[in-house]
Amino acid sequence: MAPSTSSAITLNINGEKYTLPVDHRTTLLDALREQLDLTGTKKGCDQGQCGACTVLLDGRRAVSCLQLAVAAEGRAITTIEGVADGERLHPVQQAFLDLDGYQCGYCTPGQICSALAVIEEHAAGWPSAVTDDVRPDAGVPALTAEEIRERMSGNLCRCGAYVSIVQAVAQAAEAAGAEVKEAAL
Amino acid sequence: MTTTTRIAAVTGAVGSARTRVEGRDKVTGAARYAGEIPFAELAHGWLVLSTVARGRIRSVDDAPVLAMPGVLTVLHHGNAPRVETDYVGMLGRPNPVLGIFQHDRVPFVGWPVALVVAETSEQAREAAEALVVRYDEEPHDVAFFAGHPSAYTPQDNPMLQAETEKGDVEAQLDASPVVVDEEYTTPEEHHNPMEPHAATARWDGGRLDVVDSNQGSTWVASELAQLFSLDPASVRVRSEHVGGAFGSKGLSPHQVAAVMATTVLHRPVRVVLTRRQMFSLVGFRSPTAQRIRLGADADGRLRAFDHQALSLTSTVHEFIESSAVLGRVMYDADAHHTLHRLVRLDVPTPAWMRAPGEAPGSFALESALDELAAKCGMDPIALRARNEPETGPVSGLPFSSRNVLACFEEGARRFGWADRDPRPGLRREGRWLLGTGTAAATYPSGVGPSTAAVTAESDGTFTVRINAADIGTGARTAMTLVAADALEVDPDRIRVRIADSDLGPAMFAGGSMGTRSWAWAVTVAADELRERLSPGGGIPPEGITARSNTAEAIGALAKKERHSFGAQFAEVAVDVATGEVRVRRLLGIYAAGTIVNPLTARSQFIGGMTWGLSMALHEEAIRDRASGGHVGADLAGYHFAAHADVPLIEADWVDDPVPDDPVGIKGIGEIGVVGVAAAIANAVWHATGVRHRDLPIRPDRVLRAADGARHRAAEGARNA
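Line by line, the protein sequences are chains A and B.
Once you know that position 174 of the first sequence is 174 in the numbering used here, the rest is easy, because the numbers rise by one and skip nothing.
Once you know that position 686 of the second sequence is 686 in the numbering used here, the rest is easy, because the numbers rise by one and skip nothing.
Same shape as in the complex, but just chain A:
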């Protein structure tokens, strides 16, 4: 008998459990979009190069096109559909809306998911490639425009909305208590 090429798995997405049969080749991205009708997560390149498919896995960002669905079992998956609190937009979403941090909107769910993680990563004191002082006891660096740009660079936007995306992330981070400097608010 040929080995099985599909399995029934259970995914924990936005706090809900979904049981579904998946072809073992299916990426988490395709499972979300084609099997669970969660199409907010976008496919821009299917190669981990553009960031449009960014979701949060156990609170940390990941490109769902490079993740097999079977490997996502047991992880807490957050997609763009799970970011708002019911009808109330998350402050990051509201800032994108108010500051026009998008144009066509296709990279937007990935940008927003990345931004959520960026704000967390920064608050937890994680340095980036442009952080001046990376000693363990340096504390949380100020969130400058340069820091935001560096940390968001895995998310491409072809419309060229970067300037207002950076402002939206800065505004939301400041509202969440971050020390924001030189971010052109």
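No lab work stands behind these hints, which were simulated from the structure alone.
Every residue, glycine too, gets a C-beta built ideally from N, C-alpha and C.
Worth double-checking, as some hints may not be accurate.
[As the list claims (entries may be wrong)] Short derived list, chain B residues pointing at chain A, Cβ under 8 Å: (1) T19; (2) E119; (3) T120; (4) E195; (5) V242; (6) L599; (7) H643.
Use these hints to put chain B onto chain A, whose structure you have.
Chain B in isolation, oriented as in the chain A frame:
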């Protein structure tokens, strides 16, 4: 039909910033794009593309693939439905690449040779990768370079007059005390909208229904009807949300493939392009090799103007990258010559890409102007002011409005241009050399016929129906504001429906013409509706609807030079150790008629400028001469500007009334790109003293140029 100027804010909706009406859907993931609409019994199509650059298909071994799990059919030239490609559509004759699977000839790497359709996308993809196609190969040529021996001047191209000429350029050059004669090159560039092209086709009650991602559903529906010999009324194309387009989302093989497959299989079929497939199937910007010769008096007045541009086209279709058109608008001279030449290569046909012609053309021309300013010892803005034409340099027609100098004046004030020391290579900050540069911008303001319907509903709201496409421009929101002013009601009472060919014919979103064209039709229909609404009169349950068609009014528009204008300013820092160029700031000031929604308009200008930055420093598609295909046809191999590349960019505008125009809108989608690469290159020269005439300005080019300059200086010292 009324053609009075009406957009002059009645309720003040036009001109006031408003967030996008579909914004909430976009930030919550609720907005569904073309590949995201569910259908029962949906099958998935996967295109198979040629791996050779020229030759014939010897065989398509479909039998083993048909036996693979889930595979429903394999369409190829041996079995596919016939399509008609001998017609003239909205933009002329169709690109032959739409005639997929009609013959065995292969004219470039990436030509569609088969479509595999299966129950799931995984099955379709694996089967497509397993399909063996054999070819009889022929020698190919994909090498583009200045002076290519087979270059020719296109004759009777319906889209562009290839050459214009007045006066004796050679005589005026000989008589000019100051001459610039330089060559500039720009590379092959790709649109790369974030959303890959996707279409789902199905037959629904005798009608063909296509859910697609495109720039104009009227256009796509009409072409599909002609390709498949259908009654135009039996084709419906919808395109609710579009994840970027930039000129690449018109007709492409994926729509034709989806229609073929649904016709064969009698179930809905979706075909989505992969990122790699987009590099050969949806058009691109041709590389260019341009020569510019300027002859001027010592005070900068132009005596001779010559701009010659070479670009490539395919062996199956002719497309001209109209790089030399700028001089026909921007600068006059006693003798004036513009020329486009083409070379046919074994590559896909290029297409319109955001600011086609003007983007690469302005890099060459606005760099040459800067070189002339330096040679004349003049400020680059003063040089442009000295050469402001009264009328169209080639047409002799008056300008509808031309406020390019106002843009320079406002830009210079805000940028701090007056304090600039014009001498190059003087400013240093650690390892960084600093410089500033400027360039002019222009883009045509066109308009296309459109129909619209505006309905007064019985509940006091209004419904606007216009087959516009919102490719990220904010078209829905703009039409809401335009209708609000025309109807003198609050924008919240207006619902706008777009992107459905059943709404009636309308202009596509292209050539910076969408908003102007749609606003005109919406305004006329709204005016008509207001006349029919009696004060205090009741509205029946079906509402009261007024319709418009702008074809006649547009045909009666006075012939003028109608263009948007702008001024671009850049500050750069050049790392002397690594050759890296960092743009520190960009400022663009535009004169572009009425700005409908300042919030989204600013985004669009800044987006265009971001493209200009990306073009100046990053973008470059590399073709392998041996295989004829791309190297690194993906978003890692083809880098466009990411967050970390883009500084604070500012865009603003000056008043630009267009007195004789019924809408006063000029169009802003493309002008933001124009001139930015030149402003950056001019700033790099100001920083380093070295001219960069080849894009992109890569670190290796900066380092080699610096080495070259040092060697020349050393030689000079030795010879002295």
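So, going through the hints one by one against the coordinates:
For T19(B), the shortest C-beta to C-beta distance to chain A is roughly 6 Å, which falls under 8 Å, so the interface hint holds. Checking E119(B) against chain A: minimum C-beta separation of about 10 Å lies over 8 Å; hint violated. For T120(B), the suggested interface contact is upheld, since its CB lies about 7 Å from the closest CB of chain A, less than 8 Å. The interface hint given for E195(B) holds, since its Cβ lies 4 Å from the closest Cβ of chain A, which is under the 8 Å cut-off.
Hint status for V242(B): holds, given a least beta-carbon distance of 6 Å to chain A, under 8 Å. Interface hint status for L599(B): upheld, as the beta-carbon distance to the closest one in chain A is roughly 5 Å, under 8 Å. For H643(B), the shortest C-beta to C-beta distance to chain A is roughly 4 Å, which falls under 8 Å, so the interface hint holds.
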